[in-house]
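Take 1 as the starting number for the sequence shown in the UniProt record's numbering and just add one per residue.
Rather than coming from a laboratory, the hints here were simulated on the basis of the structure. Think of the CB as a built atom: it goes at the ideal place given N, C-alpha and C, for glycine as much as any other residue. Heads up, some of the hints might be wrong.
What the hints assert, rightly or not - Ranges of calculated distance between the beta carbons of each label pair, as one might list FRET restraints:
hint	residue 1	residue 2	range
1	Leu138	Glu178	38 to 46 Å
2	Asn495	Lys430	22 to 30 Å
3	Met631	Pro514	28 to 36 Å
4	Arg674	Gln450	50 to 58 Å
5	Glu590	Gly121	46 to 54 Å
6	Glu178	Arg548	49 to 57 Å
7	Glu590	Lys667	21 to 29 Å
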Amino acid sequence: MAAPLHCVSQKILSIGYTAWFSEDRPLSELLSFALFLASVLIYAWKAGRNTWWFAATLTVLGLFVVLNITLFASDYFTGDGINDAVLYTLTNSLTGAGVSKYILPGIGIVLALAVVFGALGWILRRRRHHPHHFGYSLLALLLALASVDASPAFRQITELVKSQSRDGDPDFAAYYKEPSKTIPDPKLNLVYIYGESLERTYFDNDAFPDLTPELGALKNESLDFSHTQQLPGTDYTIAGMVASQCGIPLFAPFEGNASASVSSFFPQNICLGDILKNSGYQNYFVQGANLRFAGKDVFLKSHGFDHLYGSEELKSVVADPHYRNDWGFYDDTVLDEAWKKFEELSRSGQRFSLFTLTVDTHHPDGFISRTCNRKKYDFDGKPNQSFSAVSCSQENIAAFINKIKASPWFKDTVIVVSSDHLAMNNTAWKYLNKQDRNNLFFVIRGDKPQQETLAVKRNTMDNGATVLDILGGDNFIGLGRSSLSGQSMSEVFLNMKEKVLAWKPDIVRLWKFPTEIKEFTINQNKNMIAFSGSHFRLPLLLRVSDKRVEPLPESEYSAPLRFQLADFAPRDNFIWVDRCYKMGQLWAPELALSTDWCVSQGQLGGQQTVQHVDKPEWKGKTAFKDTVIDMERYKGNVDTLKIVDNDIRYKADSFIFNVAGAPEEVKQFSGISRPESWGRWSNAQLGDEVKIEYKHPLPKKFDLVITAKAYGNNASRPIPVRVGNEEQTIVLGNEVTTTTLHFENPTDADTLVIVPPEPVATNEGNILGHSPRKLGIGMVEIKVVEREG
């Protein structure tokens, strides 16, 4: 028995070492894995048969496996281990932008978890016929517990949980400094370029030869800050922007990318944009993606930016509105528009700042602008899409900067180039991790050319303060300090990451969120809810306790609100404002097909109410009752809330496409996209045909009433509609029309099939960051009407 067991143990050691320690992992991970392996071997060889000890040891060892696979998966998704974003995702859902590209890795992780658990159980029970030995069983269990305690995954999660419950740090007020609201006698215009994930590591020519020659040459002629570290709360785009302009990490009582639901952003903080506006600057922001994503529009409007251009604003002015990637317009398009704006503003003679954000280097693969000369970069003898995107994007950024440098207005301009955050898990990530990683930040001064590499230890929060210092203002903003005349918090504190997490409650309090709700107002024209002086976009879910109101918005990265509500405890008080049909299926069947706004409140284990918002400005009051908790009711509510959209069924005599689910008579359907306000598109990415299978055969004779429209080249073309062996055609235009087809069904067919002739790949109406859909027809309603005879 020992020889096969030894072989299996060696195999597990080999697999585990490869999966978890292939990069230069900390010693603590090696120690925790050694303790894990010792526990497995001692129990398997020495402990003998005992059901309780087997279950306890397997549970703890299983926890070790789950923790480390979570760490492995978190690294895959975030590139930064188990951070705030992961903690949020574990309690909600990773839906939204770009998630489709992670489905296969996610399935792989689940399968790996199942295999490892099965292998563990098999190994631990190999000597189950031997008598139980208490001492070895206890030793194995203690080693298993020690392996969990020593694992970095456990330490990271423990620190995150502590950060959620801390009251703050008493020295926050001493280090948080509010700058003067103006710059005395400003003389320089500002161009600030955020390079998406364009970290400084890419510019290491020894590690990545000739990857960034154009922008690297400009960096080498600039004030180059070589040690800009990334801190918690600064590790994704909107967080990096907040940190660089306001001098604070983006910590909020909700997930940061859900910021689009708030009406103001750190409303009482003084940020760089506020100071520029107060000093006479006109502030402009240009990007290729939708401004609403992650609340960039809210943040910028809250802090001095009056002129914002995103995908919606640019589509009417760009040369080719159809030239787009998954996120929006390509970098060459965006930077061309930024150059036009720079020319226009410079000619006007007004003081201005022009901020722009690229997107082509977004993980996991990046995108290649068609005007690049550098479209392909090989690494380790193979083409690498992420490196190729970096090489292309830096070429576009350099071309934009060189235009400014060649212009007569350069002498009055300061150009800043920075990464918004370190690259997340892209196809270059494993090569980046072998290097000393830092964010990019360099400054080119037209008024006073300077070339110097400054190795001072700093972080993203220092960027705005450094720019403000150069423009003639204060040398501090929030927790940020100028790297030219001040001392960064990264120099003051030995472990700045721990310090930032200790300050998290203090930073959350800067939002000035209310702590109670008694009355609220819903404005249907603005799709907003207001209470206790705060305003939020709809839909919204609130968890209400005695001294806290926790807003849970819905965004591209968060789960639908009903899934978030399903995670509430039986006694948690909630207020849920959403489309009526989403809550109608649970507590108000008469509203199950309504797309109006409704308000539900109560407890999942107690009583719930649903009210129809029937006025343009609707006023409500909280009505929480201290009722007896019914666990059966709670379980039923949770199970219903968790039903996926395509499995929802409602009572209706037709298929209504602007609500989730299908009529009760429908067994299943495919080839159909998500509900939108008007209906649903067919999507050839989900199936070449629209198929609706009914539970019972369709009538022998019936009229099929189709209310629909066509997309693109599908308009004015015959569209086949089949029931059994009979096929007819309809012709649709770009506007919604109703067509009636007369079918006979002698074979008792139960499936309706519609075949769009030419599905068109497009991002129109798509969720930001998702792969393009292939649209054919837009369906509003389909009704089967039985004919007599």
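Verification of the supplied hints:
1. The given range of 38 to 46 Å is broken by Leu138 and Glu178, whose C-beta atoms sit roughly 58 Å from each other.
2. Restraint check, Asn495 to Lys430: a C-beta distance of roughly 26 Å satisfies the suggested window 22 to 30 Å.
3. Between Met631 and Pro514 the C-beta distance comes to about 31 Å, which sits within the given range of 28 to 36 Å.
4. Between Arg674 and Gln450 the C-beta distance comes to about 52 Å, which sits within the given range of 50 to 58 Å.
5. Checked against the given bound of 46 to 54 Å, the beta carbons of Glu590 and Gly121, roughly 51 Å apart, stay inside it.
6. As the Cβ distance of Glu178 to Arg548 is approximately 26 Å, the hint placing it in 49 to 57 Å is violated.
7. The hinted range of 21 to 29 Å is satisfied by Glu590 and Lys667, whose Cβ atoms lie roughly 25 Å apart.
Going through the hint list in order, the structure does not satisfy hints 1 and 6.
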